[in-house]
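Participant: Note that the protein sequences, when read in sequence, are chains V, G, Y and D.
Going by our numbering, the first residue of the first sequence is number 1, and it counts up by one from there.
Going by our numbering, the first residue of the second sequence is number 1, and it counts up by one from there.
Going by our numbering, the first residue of the third sequence is number 1, and it counts up by one from there.
Going by our numbering, the first residue of the fourth sequence is number 1, and it counts up by one from there.
If you're looking for bench data, these hints aren't it; they were derived computationally from the structure.
Beta carbons: idealized from backbone N, C-alpha and C, even for Gly.
Take these hints with a grain of salt, some might be off.
[What the hints assert, rightly or not] Covered, in the sense of this in silico footprint (three residues per stretch, anywhere, with C-beta under 8 Å from a C-beta of chain Y), are these stretches of chain G:
1) 49-59
2) 155-162
3) 236-246
[Unchecked claim] EDC-like cross-link-like pairs, simulated, lysine to aspartate or glutamate; straight-line CA separation at most 20 Å:
4) V:Lys-214 / D:Glu-64
5) V:Lys-219 / D:Glu-260
6) G:Lys-214 / D:Asp-129
7) Y:Lys-146 / Y:Glu-119
8) D:Lys-337 / V:Glu-210
9) V:Lys-219 / D:Asp-71
10) Y:Lys-105 / Y:Glu-262
11) Y:Lys-146 / Y:Glu-124
12) V:Lys-214 / D:Asp-71
13) G:Lys-214 / D:Glu-338
14) D:Lys-337 / G:Glu-210
15) D:Lys-179 / D:Asp-226
16) Y:Lys-5 / V:Asp-45
17) V:Lys-214 / D:Glu-84
18) G:Lys-214 / D:Glu-293
19) Y:Lys-3 / V:Asp-45
20) D:Lys-385 / D:Asp-367
21) Y:Lys-253 / Y:Glu-119
22) V:Lys-214 / D:Glu-258
23) V:Lys-310 / Y:Glu-12
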Amino acid sequence: MSHEENTGAAGKSGGFTLGRLLHSPLALPLIGLIVVSVLMGLASDNFFSLNNILNVLRQVSIVGILAVGMTFVILTGGIDLSVGAVMALVGTIIAGLIVNSGIPAPLAMLAGLVLGTVIGLANGALVAWGRMPAIIVTLATMGMARGLALIYSGGYPISGLPSWISWFGVGRIGVVPVPVIIMLVIYAIAWVLLQRTPFGRHVYALGGNETAAKLSGVKTQRVKLVVFGISGLTSAFAAVILTGRLMSGQPNAGVGFELDAIAAVVLGGTAIAGGRGLILGTLIGAVLLGILNNGLNLMGINPYLQDVIKGAIILLAIYIGREWR
Amino acid sequence: MSHEENTGAAGKSGGFTLGRLLHSPLALPLIGLIVVSVLMGLASDNFFSLNNILNVLRQVSIVGILAVGMTFVILTGGIDLSVGAVMALVGTIIAGLIVNSGIPAPLAMLAGLVLGTVIGLANGALVAWGRMPAIIVTLATMGMARGLALIYSGGYPISGLPSWISWFGVGRIGVVPVPVIIMLVIYAIAWVLLQRTPFGRHVYALGGNETAAKLSGVKTQRVKLVVFGISGLTSAFAAVILTGRLMSGQPNAGVGFELDAIAAVVLGGTAIAGGRGLILGTLIGAVLLGILNNGLNLMGINPYLQDVIKGAIILLAIYIGREWR
Amino acid sequence: QDKLKIGMTFQELNNPYFVSMQEALNEAAADLGADVVVTDAGHDVAKQISDVEDMLQQGIDILLLNPTDSAGIEAAVHAAKAQDVIVVAVDANANGPVDTFVGSKNRDAGYMSCKYLAEALGGEGEVAILDGIPVVPILQRVEGCKAALEEFEGISLVTTQNGRQDRSVALGVVENMIQSHPNLAGIFSVNDGGAMGALAAIQGSGRDIKLTSVDGAPEAVKAIADGTPFIETTAQFPRDQVRVGLAMALAQKWGARVVPGEVPIDVMVVDSENAADFSW
Amino acid sequence: MLELNGIRKSFGKIEVLHGVDLEVRAGEVHALLGENGAGKSTLMKILCGILQPSAGTIRIDGTERHFADYDQAIAAGIGIVFQEFSLIPHLDAVENMFLAREMRGPLGLLNRKAMRARAGQIMRQLAVDVPLDVPINRLSVAEQQFVEIAKALSLEARILVLDEPTATLTPSEVEHLFKVMRELRRQGVAIVFISHHLEEIFEICDRITVLRDGDFVGSCAVSEVDNDRLVEMMVGRRIENNFPPKPAPDPAAPLAIEVEEVQLKRGGPVSRFALRKGEILGFAGLVGSGRTETVLAMLGAGPATRCKVKVDGVETRFAGPDEGLAHGIGLLPESRKEQGLITSFSILQNVSLNNYGKYRKGHWFIDLKKELDCTRTAMGQVRVKAQGPHARVDTLSGGNQQKVVIARWLNHDMQVLIFDEPTRGIDVGAKAEIYALMRAFTEKGGAIIMISSELPEVIGMSDRVCVFRSGGIVATVEGDAINSETIMTHATTGRVEHVA
Ligand SMILES: Nc1ncnc2c1ncn2[C@@H]1O[C@H](COP(=O)(O)OP(=O)(O)OP(=O)(O)O)[C@@H](O)[C@H]1O
Ligand SMILES: Nc1ncnc2c1ncn2[C@@H]1O[C@H](COP(=O)(O)OP(=O)(O)OP(=O)(O)O)[C@@H](O)[C@H]1O
Ligand SMILES: [Mg+2]
Ligand SMILES: [Mg+2]
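Isolated chain V, as found in the complex (with noise of 0.2 Å):
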């Protein structure tokens, strides 16, 4: 929210007014995040509690922290449909490398790391230098990243790890919870990396225009490597606090989560195409989408409802937020 913010649709310079912020690109999500907040907060008693709110919080991260790297490659026109299996495969691998290969965890946490970014730079290699689709590449990998988690751990749960590590998942520095610290700072560095490096610069370039950026002078291979590469290892440090949360490696885990961190990357103001979109943005649809399961839940609502109301409230944000930018 700095005057310098670059949205791919940059305003003046000047200080922080309401104005501003109206015509800044985060106005329409931040309206929708109220929104429905009061309108949770009305429905529910519970919800606008400190701990309640720390609680939304703790569960938004996973998929907030995955939306980190969707929003790196959703801005440079791509997509990666390959998060959430990657998030299980590296949850997997670092639990089975503790339980059954003794590996001190540190060790096979930063194993986990390595990995994610690993497969993530594999995506980027086939999408940048196979110059194949975005999407389809991700897709094959999700299946195949899903399968090789599943043969590692031949389809059982990893079970045994440490006490420790629950730390990831559910403690707490001061009121609060570890993983919420986590995306923060994760989503701090995203921002540096997009409004204040070079890269971030070649990355909205990407988006915009990616023969005019080629033709700068721009390492457009290079840059699409590296968001996927982002992505990867966002995955990976997602895996960790599953891995926290759970208390085991789950090859199962994170069906799905590719479409919620989607979701959020949109619902944050993104363009799919590319080239125009905040972090922030994606900080604050990861929130909403989290205030809605969390909202609709605590209203007591039907499962098969819930569903039903999602969509609905998601084609209305996006329709609304297609007319203000």
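Chains G, Y and D with the ligands: place on chain V using the hints.
Facilitator: Just chains G, Y and D with the ligands now, with coordinates in the frame of chain V:
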């Protein structure tokens, strides 16, 4: 394979020759099909039996029909993630109308076809007039359709259908299974629509360059509306076959089928960005996927490993195809 | 805070087995005048933990937990116990300080089904297993089944494929199984959902293959009564599991100190002889 | 200082450059001339390392160089302004100028202050006032063009390539650009300048090199040639009078279209004009004066706050070009690639795209044979140079692509055609053919609105001219009043009335 074939990637006139075929966009999917078939035939004795071939085609029919609508949508540059869920909803409602409401089966099926078309048109209207990205619209309607199916059925499969309905799923005319005949008829109609009618040309034009199509007077929004309507209709046809195959309405059927349908379309050589592709390619793509599933099953490969192999083969096919085209 | 509030989280709610549990819960709660909150995890443990957290925010007194995964759900159990909520695992057990586990004897169920199948085949022939989602109850059924099959020398297990407990997936998988094994004589499916798909495949092939399964779902029972190739299902008692589980929780709530840690619920063979009279 | 020798280039099996030489000295403006598709842009891309030559050498200051990519060319002091814009729509001018060579501060983070300062400095040097922190896509075309030039200058290039930079500029902006070029020349920069406007060549260039169909025709000083000689070198023949004769004005001719009022945005001017059958109505004005927007608004394809149109005397409201089509009004948009053609389609498919009413069989289906025959006829009419009706349009040169769009409309039996910059980027030979076709169309009773930024074209072709300024019509002139002074006076000083 006729010389006037509209691929969106024009070729020269001329009769049918091997050289021409090798340069047609169908070449690669066909080669893929042949290679995979031969491999499967070598690995498994039963593969090339008439019985097994008909078996594969019957298994392919549902995804094959979904992929027809998906081809129309992708050719215009869109995507439809709701096909699997719409199929489940329509199937559930057809079964419910017959079993719970006592409506005559033919009438119930007609209602199902209308319902599917209406949902498709709703997707289309949101994309065309709502100017929202197709991926988000259909993601939302996917969730909503699934939720509605579960609400309508209360989570139970709806069984107790008159037994003749199984004709749609397991019946035969001569040796050929009924679902295969239905699928082939739908492909034939789609071929005529795409290759021999102005509407078909407009579908390609929209995917090739939407602005140019619009400025030359093509009713682009109506074309969008109609392609999604077609996708809804083919989903409903798939639902009829599914109902016949399962002899019940299954609210949770078809999860992930949208991804299979997309894979079939892209394996068939259609560009994911739209504007280029052939409906025959989609048929080949769907059969290729079916053969992979069937062959890997016949070979008794570990089901987890099957996902990995399938992903790798899809990647390989698209990778080679990309150079060829 | 006078009214009793019961929360139940299901691993899935698009399976008649769990839907009937939910119905039994609603009936029992209506009798008690208690509030009920129900959530559907859709086979996603992470979502299930979130669901439990949300229920705890609503101040439930009793948590009936039908875990998607025993190990994965542990954090939710701890969270619930931290708020002094009584936790009863239903159908599948959960790690952590669960007060009571009420569940079927899944190993027995697999054993009984496969023994019945092998006997129906006269102790010889090729059989196949239609596997499902790898969670503990399913794994135990497969284990029990294999143990039973091993008791028959003439029986050979030729293939195990995964039908994901989904009728449409199972249908395709079994069609392929039948193609690749011309001498296949029997199939054991880990649940009735998959079995219904397998039944359609068998009927479609016109071959004489016998089918057994676990659950006792209404559709399966009807198919057995109708004299199809589906000859037996080892019935569980989902409604009774909930009733017993709730009773255990209430007993503890009322101050009972010696609540059983585990209440195994028997399973029962349903075949053409008793199918007509059976229902959940 | 720059020497290209025997450059050859093939795309697949087709060779498009057959051994071209080019020698450019420090401190000169060197014109590169040739018809559409002669290979000018291709040669420049080879110079910049974007394309690799099949044969030939590049020497700078006498040493042979190979550029594997554009970055290496930049390092050698080469900068280029591309024929197609290469700006990123949602980034601002500063970000665009420094894209891929950002200035870095501590920790390798962006140093926005330094970049903004440097950008301001370059803009001052160019003496243009372009907003620096507004997304590029909100700038006018001319402003974007200057950002492109500033971007090339920020490289501090010693060799600067300008590929048709004036195609989108107005005369006064062109003058301004020339001033900048002269200043750079004084500083010793070697400039390669590409343009189809021959008068510009004589104004600014020192020497010329001419290409024809990928062949090197010759190189000489500008002072050694005159206009006719130049055209002959480019086209290989002499071109007689460009413009067909104008018919006598017929004020009694019925009105094809009468626009009673059109206002583009609230508070802007309200315009009115009428189009007679059998006439060519020119729309003149500076770039961005609202000509394109006005016709788009009229057809319902662009925004308008007021719009009242009568077609053949009947009041009509268009919701989009499709409804215009239904009333016999066709639009040839200003950018053929982005707005006119489906580039992946064949000529045949592009020509028949919106005209299937003509080729129906059994009401629902396309009559493929008739479609093919009609396309052949239409292609012959406008003389499209191509292998046949099934050739993909993206394999055609710019001029031939434009002819395909024109063929589409001439094949369509329209009453009114709106031609927006019909000859932009078209070489002199092809232009004459297009002019003849336009006249033939009006002689049969059709009417044409021709938007053009080329004054000679407006003067040579129009029966009447509407002059635009700031979004509205400031004057309509006819007869002898159609001359450059009158039009330019109105276009630069005409008064617009703002209406709430
Ligand atoms: N990528 C490509 N593939 C195939 N042919 C190409 C390609 N790029 C250019 N050509 C062909 O090379 C020839 C030269 O094109 P070029 O763009 O250099 O012409 P030009 O002289 O710049 O024309 P204009 O005045 O229209 O800009 C043309 O015939 C064109 O069709
Ligand atoms: N690509 C663009 N993006 C945003 N605004 C533009 C763009 N092109 C032109 N404009 C603005 O639109 C207004 C009118 O432009 P329009 O294209 O109608 O002018 P024109 O007279 O047809 O000029 P041209 O010769 O460029 O076609 C001007 O204020 C101009 O600044
Ligand atoms: Mg050029
Ligand atoms: Mg214009």
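Participant: Please work out if V:Lys-214 and D:Asp-71 have their alpha carbons no farther apart than 20 Å.
Facilitator: Given pair V:Lys-214, D:Asp-71 holds - Cα atoms ~10 Å apart, limit 20 Å.
Participant: Holds or violated: are the alpha carbons of D:Lys-337 and G:Glu-210 at most 20 Å from each other?
Facilitator: Since the Cα atoms of D:Lys-337 and G:Glu-210 sit roughly 12 Å apart, the hinted pair holds (cutoff 20 Å).
Participant: Does the structure keep G:Lys-214 and D:Glu-293 at a Cα separation of 20 Å or less?
Facilitator: holds (16 Å)
Participant: Has the given pair, G:Lys-214 with D:Asp-129, been kept, meaning a C-alpha gap of at most 20 Å?
Facilitator: violated (35 Å)
Participant: Assess, step by step, whether the Cα of G:Lys-214 is no farther than 20 Å from the Cα of D:Glu-338, and give holds or violated.
Facilitator: holds (11 Å)
Participant: With a cut-off of 20 Å on the C-alpha distance, tell me whether Y:Lys-253 and Y:Glu-119 pass.
Facilitator: violated (47 Å)
Participant: Given the hint that V:Lys-214 pairs with D:Glu-258, test it: the Cα-Cα distance must not exceed 20 Å.
Facilitator: violated (47 Å)
Participant: If you draw a straight line from the CA of Y:Lys-5 to the CA of V:Asp-45, is it 20 Å or shorter?
Facilitator: holds (16 Å)
Participant: Holds or violated: Y:Lys-105 and Y:Glu-262, Cα atoms, limit 20 Å.
Facilitator: holds (11 Å)
Participant: Taking only the CA atoms, is the gap from V:Lys-214 to D:Glu-84 under or equal to 20 Å?
Facilitator: holds (13 Å)
Participant: Between the stretch 155-162 of chain G and chain Y, are there enough contacts, at least three residues with CB-CB distance under 8 Å, for the coverage claim to hold?
Facilitator: Per the Cβ count (4), the hint holds.
Participant: Going straight from one Cα to the other, do V:Lys-310 and Y:Glu-12 come out at no more than 20 Å?
Facilitator: holds (18 Å)
When each numbered hint is compared with the structure, violations occur for hints 4, 5, 6, 15, 20, 21, 22.
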